[in-house]
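Visitor: Read off the chains here:
Number of protein chains: 4
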Amino acid sequence: MTTTPISLDNPRHMVETSFRVRFAETDAMGVVHHAAYVVYLEEGRSEFSRQRGTPYAELENSGFSLAVSEINLRYLAPARYDQMMTVRTWVKEVRSRAVTFAYEIVDAATGQLLVTATTKHICVDRAGQVCHIPARWARGLQEASYSQS
Amino acid sequence: MTTTPISLDNPRHMVETSFRVRFAETDAMGVVHHAAYVVYLEEGRSEFSRQRGTPYAELENSGFSLAVSEINLRYLAPARYDQMMTVRTWVKEVRSRAVTFAYEIVDAATGQLLVTATTKHICVDRAGQVCHIPARWARGLQEASYSQS
Amino acid sequence: MTTTPISLDNPRHMVETSFRVRFAETDAMGVVHHAAYVVYLEEGRSEFSRQRGTPYAELENSGFSLAVSEINLRYLAPARYDQMMTVRTWVKEVRSRAVTFAYEIVDAATGQLLVTATTKHICVDRAGQVCHIPARWARGLQEASYSQS
Amino acid sequence: MTTTPISLDNPRHMVETSFRVRFAETDAMGVVHHAAYVVYLEEGRSEFSRQRGTPYAELENSGFSLAVSEINLRYLAPARYDQMMTVRTWVKEVRSRAVTFAYEIVDAATGQLLVTATTKHICVDRAGQVCHIPARWARGLQEASYSQS
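Residue numbers (the numbering used here), protein chains in the order written: chain G, 1 to 149; chain W, 1 to 149; chain H, 1 to 149; chain D, 1 to 149.
One should not assume that every hint holds.
The calculated DMTMM-like cross-link candidates involving lysine to aspartate or glutamate, where the alpha carbons are at most 20 Å apart (straight line), are [what the hints assert, rightly or not]:
hint: 1; chain 1: W; residue 1: Lys120; chain 2: H; residue 2: Glu70
hint: 2; chain 1: H; residue 1: Lys120; chain 2: W; residue 2: Glu104
hint: 3; chain 1: W; residue 1: Lys120; chain 2: H; residue 2: Glu143
hint: 4; chain 1: H; residue 1: Lys92; chain 2: H; residue 2: Glu143
hint: 5; chain 1: G; residue 1: Lys120; chain 2: D; residue 2: Glu70
hint: 6; chain 1: G; residue 1: Lys120; chain 2: D; residue 2: Glu60
Derived by calculation from the structure, the hints in this document are not laboratory data.
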């Protein structure tokens with residue numbers, strides 16, 4: 001575990017997941033509603049956790065969780081029903097009490113960049129108090145980030 | 001508490017709640033997505049619980065909850081962004097282990113009927129087993145249904 | 001096209017699609033919110049359309065669409081975050097102006113039945129008037145239903 | 001219309017709207033899912049438009065719309081089912097082609113600050129091209145911001 005920021009901002013360490021836009025995610029403008037992308041990012045983190053084997057369930061069983069403390073999304077181009085999307089997720093920064101993920105959402109067929117984003121998460125204990133990320137887990141996040149380099 | 005069905009299907013005993021359609025609830029057809037109405041019905045039940053004083057929190061504190069076991073919706077006319085909706089909710093039937101709510105969703109301005117629906121709920125204990133609705137609560141549901149007649 | 005109901009209620013003709021439960025689809029009871037399944041059914045119809053080649057886009061380009069007129073869901077068992085679900089979709093009935101789809105949603109790993117459902121759709125023209133399903137499309141729905149028998 | 005930024009970041013010019021958390025907006029952590037707040041912000045903008053009389057429908061009828069180009073949310077405290085929320089919305093900046101809204105979401109009863117946010121919107125024409133905000137509308141946004149000072 002570290003108390004100084006470590007830059008892990010390397011897209012080579014990213015994890016990808018792809019899925020089609022659901023009709024329910026579109027809005028009366030005919031395109032994907034901007035709030036749907038926030039859920040897509042969460043899908044990106046879920047896939048990151050699955051592929052990198054970060055024992056998130058284990059963390060939770062130990063009484064810790066990662067609460068979303070900040071989200072930032074930039075919308076570059078719209079998407080439509082049935083379009084195949086790819087979410088690329090990587091760890092941008094691990095601090096003693098927080099982790100920042102970065103994302104790109106692209107059209108799976110053309111590679112067109114649709115959204116870029118970051119989300120910041122803080123570690124909280126069962127009482128809801130901000131706390132240090134358990135050492136084993138902080139290490140996992142950092143190592144996972146480099147495991148395919 | 002009763003083990004035989006009691007017909008409480010009387011619209012006079014209904015509770016009303018009104019709100020505007022959110023933009024995020026529309027879809028690419030330009031109208032409210034059909035899944036959004038399922039959430040509107042839940043808003044109807046929430047308001048029923050608030051107005052009729054049925055001690056639902058108390059029920060839950062006692063280790064019981066009402067799980068949704070069935071929903072049936074008929075869509076008669078579409079709605080659009082910013083339209084004011086009114087949900088009318090009433091108890092249709094109370095059985096020993098289940099309660100059925102009935103609903104009408106109308107345009108608040110014109111009274112046009114948009115959706116009719118019923119939802120059925122079964123009482124489950126902490127272990128997730130179907131059980132009798134606690135007597136005090138079953139009585140509350142029945143009495144509440146008649147309290148404004 | 002037919003004006004008398006044709007029973008196509010044969011699960012052998014069903015189409016399957018699988019995906020994981022998203023965290024955003026859970027609720028404070030810890031399980032998948034019941035409204036999320038309505039979106040899962042729509043995913044089932046989307047996959048049906050993709051696999052069976054029913055030219056739905058073509059139908060829409062001709063000025064017709066299928067509006068949801070009724071949904072009925074029975075909830076048999078709850079599901080949780082990250083669980084892999086399979087939606088099975090088939091045509092239950094084709095009438096001159098309406099089509100009914102039937103569904104089963106099961107746990108992909110165990111086959112446990114979670115939800116059964118039907119949805120009814122009516123054909124509407126650009127003016128929003130109920131109309132006959134174009135002959136070519138009604139035939140497609142019927143033939144598709146038997147294409148794997 | 002202006003091509004240089006005008007600071008309108010004055011909370012006194014804000015518009016408020018209040019509503020209760022819906023059960024469907026909670027997640028398996030027992031609190032409001034972070035994506036739900038993005039929809040709450042949109043509700044804030046809708047109310048801003050209603051109260052300030054900004055003729056948004058008129059803008060759209062002229063062939064223009066405001067597309068969301070960026071969202072930034074900071075989550076300070078969680079909220080729960082049935083909690084009454086207040087969204088405060090104001091114009092932070094108007095540029096020639098873009099407008100930025102700022103927000104606070106607070107607990108309506110205690111005033112506790114739950115979320116702070118900004119959203120940026122760009123003006124696009126029917127062809128989806130970025131364009132100048134029509135003079136009449138840009139002026140409206142600026143004037144509206146000062147109309148209650």
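Visitor: State for each hint whether it applies.
Guide: Do the hints match the structure? See the list:
1. W:Lys120 x H:Glu70: Holds: Lys120 (chain W) and Glu70 (chain H) sit about 16 Å apart, inside 20 Å.
2. H:Lys120 x W:Glu104: Answer holds: Lys120 (chain H) to Glu104 (chain W) is near 19 Å, not above 20 Å.
3. W:Lys120 x H:Glu143: Measuring from Cα to Cα gives roughly 36 Å; hence the hint is violated.
4. H:Lys92 x H:Glu143: Satisfied, since the Cα-Cα distance of roughly 13 Å is no more than 20 Å.
5. G:Lys120 x D:Glu70: Holds, because 16 Å separates the two Cα atoms, which is no more than 20 Å.
6. G:Lys120 x D:Glu60: Roughly 35 Å separates the two Cα atoms, so the pair is violated.
In this structure, the hints that do not hold are numbers 3 and 6, in rising order.
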